[in-house]
Amino acid sequence: MTWLVIALLAGGVAAQRLAGMFLGGALIARVPVFARLASLIPAAVVGAVIAQLTLGAGSTLVIDERVAGMAAAGFLVWKRAPVVVTIVAAAVVTATLRAVFGA
Amino acid sequence: MEAGKSTAHPGWSVLGGIALTFFALGVTVNVLVLDRVGSELKTVVAAIVVNSATSELAYLAVRDAGGSVIAALIAGWVVASRFGLLAASLGGRIRVGAVHRAVAGLQSFDPNVGVAVQQASPRDVIRVFWMVTFAMHAGWWSGTFAGVFLGNVIGDVDRLGLDAVFPALLLAIIGNLLRQRAGMVAGLVGAGLCLVLIPIAPAGLPIIVSLIGAVVALRVAPPTQEGATT
Numbered sequence: 001m002t003w004l005v006i007a008l009l010a011g012g013v014a015a016q017r018l019a020g021m022f023l024g025g026a027l028i029a030r031v032p033v034f035a036r037l038a039s040l041i042p043a044a045v046v047g048a049v050i051a052q053l054t055l056g057a058g059s060t061l062v063i064d065e066r067v068a069g070m071a072a073a074g075f076l077v078w079k080r081a082p083v084v085v086t087i088v089a090a091a092v093v094t095a096t097l098r099a100v101f102g103a
Numbered sequence: 001m002e003a004g005k006s007t008a009h010p011g012w013s014v015l016g017g018i019a020l021t022f023f024a025l026g027v028t029v030n031v032l033v034l035d036r037v038g039s040e041l042k043t044v045v046a047a048i049v050v051n052s053a054t055s056e057l058a059y060l061a062v063r064d065a066g067g068s069v070i071a072a073l074i075a076g077w078v079v080a081s082r083f084g085l086l087a088a089s090l091g092g093r094i095r096v097g098a099v100h101r102a103v104a105g106l107q108s109f110d111p112n113v114g115v116a117v118q119q120a121s122p123r124d125v126i127r128v129f130w131m132v133t134f135a136m137h138a139g140w141w142s143g144t145f146a147g148v149f150l151g152n153v154i155g156d157v158d159r160l161g162l163d164a165v166f167p168a169l170l171l172a173i174i175g176n177l178l179r180q181r182a183g184m185v186a187g188l189v190g191a192g193l194c195l196v197l198i199p200i201a202p203a204g205l206p207i208i209v210s211l212i213g214a215v216v217a218l219r220v221a222p223p224t225q226e227g228a229t230t
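In the order they appear, the protein sequences are chains Z and A.
The numbers in my numbering rise by one with no breaks, and the one at position 55 of the first sequence is 55.
The numbers in my numbering rise by one with no breaks, and the one at position 165 of the second sequence is 165.
To be clear, the hints were calculated from the coordinates, so they are not data collected in a lab.
Computed from a prediction, not measured in an experiment: that's the story for all the values here.
Take these hints with a grain of salt, some might be off.
[As the list claims (entries may be wrong)] Among chain A residues calculated to face chain Z with C-beta under 8 Å, some are:
| no. | residue |
| --- | --- |
| 1 | SER52 |
| 2 | LEU170 |
| 3 | SER210 |
[Stated by the list, open to error] Which chain A residues stay away from chain Z? Per the calculated CB distances, all over 10 Å, these:
| no. | residue |
| --- | --- |
| 4 | SER13 |
| 5 | GLU40 |
| 6 | ARG123 |
| 7 | PHE134 |
| 8 | PHE149 |
| 9 | ASN152 |
The C-beta atom is built at its ideal place from N, Cα and C for all residues, glycine as well.
Model the full structure from these sequences, guided by the hints.
Structure (structure tokens):
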């Protein structure tokens, strides 16, 4: 991650926040579907990122210990467990299976 | 929207819980970022100026998969789209000057906007917004520095299962969205498209194409009265 990338990432995120603060109200009033679409984009994109991080290995798909860790995390998110508990459980399950099966 | 507005301010237990959660996020995210970036200074500066853990993680996920910088930047930007919506939600409830409005907009996150807009008066909205923002930043900053310190002593993050922490953290972040039918449809379609495309498309592209999941969810799930979510 270069300094330019950090600046561009920061600039893009800040621009969206400022646009929302100063222009968002009028845009949502004129195009109500915009608000709904914007609220769903994180679920779609983050869902994809999660899938890639859980099953992806370069340009192939693999099933390994990460899947068990994410299954534990999914259960705990469903049960509304605290974030700390969720992420610790994912790490412990993954690391334990790796240690046991020697991956 | 006006009905049921609360004048109750968040108590210390709520603020402490928010601070503790953001401390945990700060530690986790920055251990992972440091592992990939390799520079303490860049890790801390990115945490402060990007001001969006999800964006940093999405950028790094695409780069980890071999995607281009442009594809990774687009992924980082699009996952931040909800912050614009949150800022718009806050903007409609406060009566402050342009500079104050801009600074508040730049600090718009799910918890502070979510708690603030439940207040009855514009004055209470902005006051509670800054109370929660302070708690969040106290946790995030201390967690960031702790994460950078821990990142240097942990060593092999995969051996400790920390590669599973990355997606687990993202799942926890969007957990509330996935509880709604539309959010669940968007997440499943986005994830499914990504998995289908990983073996055949250039790295990074599957993440960008997953945007279609939001459009499909719009068509499949009926709109609700409240519209915007957290």
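**OP:** Using 8 Å as the Cβ threshold, decide whether LEU170(A) counts as touching chain Z.
**Re:** Because about 5 Å separates LEU170(A) from the closest Cβ in chain Z, which is inside the 8 Å limit, the hint holds.
Original post:
When you look at the beta carbon of SER13(A), is every beta carbon of chain Z farther off than 10 Å?
Top reply: It holds; SER13(A) is separated from chain Z by about 14 Å at its closest Cβ, greater than 10 Å.
Original post:
When you look at the beta carbon of ARG123(A), is every beta carbon of chain Z farther off than 10 Å?
Top reply: Consistent with the label, ARG123(A) stays out of reach of chain Z, its closest Cβ about 18 Å off (over 10 Å).
**OP:** Beyond 10 Å from every chain Z Cβ: check whether that's true for ASN152(A).
**Re:** 17 Å, holds
Subject >> Residue hint SER52(A), partner chain Z, criterion CB-CB below 8 Å >> reply: At 5 Å from the nearest chain Z Cβ, SER52(A) passes the 8 Å test, so the hint holds.
**OP:** Could you check that no beta carbon of chain Z comes within 10 Å of the beta carbon of PHE134(A)?
**Re:** Holds: least Cβ distance 18 Å, greater than 10 Å.
Original post:
Since PHE149(A) was said not to touch the interface, does its Cβ keep a gap of more than 10 Å from each Cβ of chain Z?
Top reply: Given a closest Cβ separation of 18 Å, the condition holds.
Original post:
If you take the shortest Cβ to Cβ gap from SER210(A) to chain Z, is it below 8 Å?
Top reply: The hint holds - SER210(A) has a Cβ within 8 Å of chain Z, the shortest such distance being about 3 Å.
Original post:
Beyond 10 Å from chain Z, beta-carbon-wise, is GLU40(A)?
Top reply: 13 Å, holds
Checked against the numbered hints given earlier, the structure satisfies every one of them.
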